[in-house]
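Chain by chain, the residues run as shown.
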Amino acid sequence: MNLLTQPVGLAHYLVVGAILFVAGVVCMATKRNGIGVLMGIELVLNGANLNFVAFGSPSLRADSQYAIGLDGHMAALFVIVLAAAEAAVALAIVLSFYRDHATVDVDEADELEG
Amino acid sequence: MMLDAINWHSCFFLLFAAIACSFAVAVVVSSNVVRMAFYLIVSLASVAALFFLAGAEFVGAMQLMIYVGGTLVLLAFGVMLTARGPLVSIPTGGGQWILATIVGGSLLVVLVQTALSVGDWRGPTTPQAAAEQPANAPPLGLAMLGVRADQLDESNPRRREGMSGYLLPFEIVSVHLLVVLVGAAYLARAKR
Chain L
6 MNLLTQPVGL
16 AHYLVVGAIL
26 FVAGVVCMAT
36 KRNGIGVLMG
46 IELVLNGANL
56 NFVAFGSPSL
66 RADSQYAIGL
76 DGHMAALFVI
86 VLAAAEAAVA
96 LAIVLSFYRD
106 HATVDVDEAD
116 ELEG
Chain D
773 MMLDAINWHS
783 CFFLLFAAIA
793 CSFAVAVVVS
803 SNVVRMAFYL
813 IVSLASVAAL
823 FFLAGAEFVG
833 AMQLMIYVGG
843 TLVLLAFGVM
853 LTARGPLVSI
863 PTGGGQWILA
873 TIVGGSLLVV
883 LVQTALSVGD
893 WRGPTTPQAA
903 AEQPANAPPL
913 GLAMLGVRAD
923 QLDESNPRRR
933 EGMSGYLLPF
943 EIVSVHLLVV
953 LVGAAYLARA
963 KR
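So the sequences go chain by chain: L and D.
So the first sequence is numbered by this note's numbering: it starts at 6 and just counts up by one.
So the second sequence is numbered by this note's numbering: it starts at 773 and just counts up by one.
These are computed hints drawn from the structure, not numbers from a lab.
Fair warning: this is a prediction, and the values are worked out from it, not measured in the lab.
Be careful, since some hints might not be right.
[Unchecked claim] Which chain D residues face chain L? A few, computed with CB under 10 Å, are given here:
| no. | residue |
| --- | --- |
| 1 | V797 |
| 2 | S803 |
| 3 | G827 |
| 4 | A855 |
| 5 | L859 |
| 6 | S861 |
| 7 | D892 |
| 8 | R894 |
| 9 | G918 |
| 10 | P929 |
| 11 | P941 |
| 12 | V952 |
For each residue, glycine too, the CB sits at the ideal point set by N, CA and C.
With the rest of the complex left out, here is chain L (with noise of 0.2 Å):
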């Protein structure tokens, strides 16, 4: 179907939400910097951002008595707010780790290795 001339629907949304999804992972699981997995983790709950918001979006999909409105909105100011609070906890480990050995490689925080 032309993109162009048709109006978007849901699945649209839902492939976006999926892409970021999963750039967010393989970002986490690739990044060795501190800093970097903490940017994934920002892709990833930005990809489910937007799948809330598409969700309560009605005149995105033919059965719009489903959509879910106003709470998936709601959701994504939670995810939102919350994820503000996850950065600002995770920066601080970030830097204390920093300023005890000098570097922000995760894979040198091994000392609780077994």
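Knowing the structure of chain L, use the given hints to seat chain D on it.
Showing chain D alone in chain L's frame:
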């Protein structure tokens, strides 16, 4: 006319979706942490534009203000305080890239197949539905205070019980934010 046939909502959706996805992939591919921070800012700002296009203008504004204006500035400060000499780009081993690509690719295939498998999700039946959405900032503010102004005509009494608004989660998340900020300041303080 060709121009009359173009659905501008879909056009802008395609534009911002392409920006968001390509810069998200650029975050993954780049190994320089300063560039990763910049790519992430562009990607999250286009996600805010996608929120606007989905009719969630309040969430989009919050995404721009809290995420792009607050959280990413915090991340940029973290990059500035720690990106020194060899720490700017730490390379990843080839084996980890291969494993992550396999896992990420299979996850992407599963998610996209699931998203495309439901016919009702492919698009609305009436193309004009997007234009007539009400503003959602006032009902969102009322829902935070415990009143669901958008569900007043719900007739099923069992469903009404679950629609008591979001006052308790709002309070919990407020106290959580306060505790987290105090804890972050305590964790990051300079040791004597």
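So which of those numbered hints doesn't the model satisfy? The structure conflicts with hints 9, 10, although it agrees with all the remaining ones.
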